[in-house]
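**Student:** The residues making up each chain are set out below.
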Amino acid sequence: MLKLSKVDGLHLPDHYYLTPSDNCLFLREYVPGVGFSGGETNNLISNFKKGLDRKGRPEWRYKAVAIKQIAQELAKALNTEWVSMATLVPIPPSKTKHNQLYDDRMTQVLHQIPTLQGVNGDVRELIVQTADMPAAHTSDTRPSPDEMRAHYIIDNASADPAPRVVGLFDDLLTTGAHFRAAADLVIERFSGITIIGIFVARRIIPEIEIEWGPES
Amino acid sequence: MVQATLSLHNPESPAKSISPLRELGAYELLWAQRGASFKNIAERFAAAPELLPSDLVDEKEAREVADEVLAILTKKGVKKFGVRIHGAGEYPGKLREAMHPVELLYYRGIWELVETPCVAIVGTRRPSDGGVEDARALTAFLVKEKWTIVSGLADGIDTAAHTTAIQQEGKTIAVIGTPICDAYPSANTELQEKIAREFLLVSQVPVKRYYMQDWKLNRFFFPARNVTMSALTDATIIVEAGNTSGTLVQARAALHQGRKLFILDRCFRNPDLTWPHSYLQRGAIRVRDFSQITDTLKSAQAK
Chain A
9 MLKLSKVDGL HLPDHYYLTP SDNCLFLREY VPGVGFSGGE TNNLISNFKK GLDRKGRPEW
69 RYKAVAIKQI AQELAKALNT EWVSMATLVP IPPSKTKHNQ LYDDRMTQVL HQIPTLQGVN
129 GDVRELIVQT ADMPAAHTSD TRPSPDEMRA HYIIDNASAD PAPRVVGLFD DLLTTGAHFR
189 AAADLVIERF SGITIIGIFV ARRIIPEIEI EWGPES
Chain B
352 MVQATLSLHN PESPAKSISP LRELGAYELL WAQRGASFKN IAERFAAAPE LLPSDLVDEK
412 EAREVADEVL AILTKKGVKK FGVRIHGAGE YPGKLREAMH PVELLYYRGI WELVETPCVA
472 IVGTRRPSDG GVEDARALTA FLVKEKWTIV SGLADGIDTA AHTTAIQQEG KTIAVIGTPI
532 CDAYPSANTE LQEKIAREFL LVSQVPVKRY YMQDWKLNRF FFPARNVTMS ALTDATIIVE
592 AGNTSGTLVQ ARAALHQGRK LFILDRCFRN PDLTWPHSYL QRGAIRVRDF SQITDTLKSA
652 QAK
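For the protein sequence lines, the chains are A and B, in the order given. Once you know that position 52 of the first sequence is 60 in the numbering used here, the rest is easy, because the numbers rise by one and skip nothing. Once you know that position 112 of the second sequence is 463 in the numbering used here, the rest is easy, because the numbers rise by one and skip nothing.
Treat the hints with care, as some may be off.
Said to hold, decoys possible - Calculated cross-link-like contacts (lysine-lysine; reagent style DSSO-like; alpha-carbon spacing at most 27 Å):
1) K445(B) - K76(A)
2) K445(B) - K497(B)
3) K57(A) - K76(A)
4) K14(A) - K411(B)
5) K58(A) - K76(A)
6) K495(B) - K445(B)
7) K497(B) - K611(B)
8) K84(A) - K445(B)
9) K63(A) - K103(A)
10) K58(A) - K103(A)
11) K14(A) - K430(B)
12) K426(B) - K14(A)
13) K495(B) - K14(A)
14) K611(B) - K654(B)
15) K559(B) - K426(B)
16) K545(B) - K559(B)
17) K14(A) - K431(B)
18) K76(A) - K559(B)
19) K14(A) - K559(B)
20) K426(B) - K545(B)
21) K14(A) - K497(B)
22) K367(B) - K84(A)
23) K559(B) - K431(B)
Keep in mind the hints are simulated off the structure, nothing from the lab. It should be emphasised that the depicted structure is a prediction, and the values quoted were computed from it without experimental measurement.
Start from the sequences, fold in the hints, and give me the full structure.
**Tutor:** Next up, the structure:
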């Protein structure tokens, strides 16, 4: 079983928008874009993020496998008591719900966690994104929290009853901009709330640019 | 009642999580204690596999030791490094096949290289000219076959293996017997830095302990790293080694861990050496042609 790791002082410099008071946990870590090895975490994340435009291709089935694996890993790593008391919230994916490429992979994972643990869970798409953004992992321009925040709103239909503890889930922790925007929005709306960021993986910034790049 | 039960649980703690810095400090503190060894530390964790280093020591003291270690690393010019901790993501399961597996190790570079097909090329620090030639030819051959070349950054065969792998545009991992911030021999400082920045540098040597004691005790970290090197790789290949060489620690470890052990033919042709024949009887493979290595490993992978 994998235990969750905490983003502490050792890794904080890799995540520009996180502060020492943020409570962020992750399962795995890797240097993205090093496609040479087909490392396990690299593969898991890229399968998980596989765009909906690949639907119907033979590779598509790996996405469902990745969703299941991630749900199982999180279900094992998280305390059932915490899952029972918390509200599990996905950080919105890059596309809005109206876009045909809208990908609810993390919502699917979150619904599986309490089921796998045999407890009642409170899973809500509490934060709604109002405009499409380029997928962060395929884009060179990284949005700032302010830019993200401008496109995030609380879904009023999901806001009642007010959550007390929110787990904000995302697949990959990069700069922390999405987490920052989402966390600040939730804190502003629900005062006194406890927020924890939970990521499938965090990306490591390597010491130098990788020159020998992807082979695949 | 339900409310009371829930309030017992800390809402800020969704899991027993691993703080890398806390564990680093705790592990270094375990190592700073009198009589600490890979063996007795591994035994404490073998007895209770769910334990983390921080479960065994005082938290405040561990934090102080972590600060101390970070200060040493910073002073010695290490700007960025990572740790692998048993139980956390990316800790390689194959390390548990070592006789006394480490709970924590330090690295710099691209960790994912340990997931590529890896072979260790090792041997004496004082090789013959022919031995160096063999090491270079073997490395070039295995790089062409897409193997990652793992070695110990020592003088002689190790250096030949690392440098040839880089020259041939292959990949290399150094598993060193000094802390992540120190190179031995010092002539390899630049090579170590290059490997750390572009490939992967691994050290299981506890930083605080290393600087608490002198070379007489620190030299035992070298054979200990050979056990880890073997565990991280699919096979060990010995190019050239004397009867009392530290390389033979890795030979023993490889067989104990169920890894393939290859010994180049030149070792058998030296009449002064007794060890090659003894390892041959215990399952090592005598290599007359490099393709024997890749053929054997390919058929092992296919199984």
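**Student:** A separate judgement is required for each hint: does it hold in the structure or not?
**Tutor:** For each hint, the structure was consulted:
1. K445(B) - K76(A): Between K445(B) and K76(A) the Cα gap is close to 24 Å, so the pair holds against 27 Å.
2. K445(B) - K497(B): Given pair K445(B), K497(B) holds - Cα atoms ~20 Å apart, limit 27 Å.
3. K57(A) - K76(A): Distance of about 13 Å is within 27 Å: holds.
4. K14(A) - K411(B): 18 Å, holds
5. K58(A) - K76(A): With Cα atoms ~14 Å apart, K58(A) and K76(A) stay inside 27 Å; holds.
6. K495(B) - K445(B): 25 Å, holds
7. K497(B) - K611(B): 18 Å, holds
8. K84(A) - K445(B): 22 Å, holds
9. K63(A) - K103(A): 16 Å, holds
10. K58(A) - K103(A): 13 Å, holds
11. K14(A) - K430(B): Since the Cα atoms of K14(A) and K430(B) sit roughly 20 Å apart, the hinted pair holds (cutoff 27 Å).
12. K426(B) - K14(A): Roughly 25 Å between the alpha carbons, so the hint for K426(B) and K14(A) holds.
13. K495(B) - K14(A): Judged against 27 Å, a Cα distance of about 40 Å means the pair is violated.
14. K611(B) - K654(B): 14 Å, holds
15. K559(B) - K426(B): Holds: K559(B) and K426(B) sit about 13 Å apart, inside 27 Å.
16. K545(B) - K559(B): 24 Å, holds
17. K14(A) - K431(B): 17 Å, holds
18. K76(A) - K559(B): 42 Å, violated
19. K14(A) - K559(B): Within the cut-off at roughly 23 Å; holds.
20. K426(B) - K545(B): 19 Å, holds
21. K14(A) - K497(B): 35 Å, violated
22. K367(B) - K84(A): Holds, because 11 Å separates the two Cα atoms, which is no more than 27 Å.
23. K559(B) - K431(B): Between K559(B) and K431(B) the Cα gap is close to 18 Å, so the pair holds against 27 Å.
In summary, the numbered hints that this structure violates are 13, 18 and 21.
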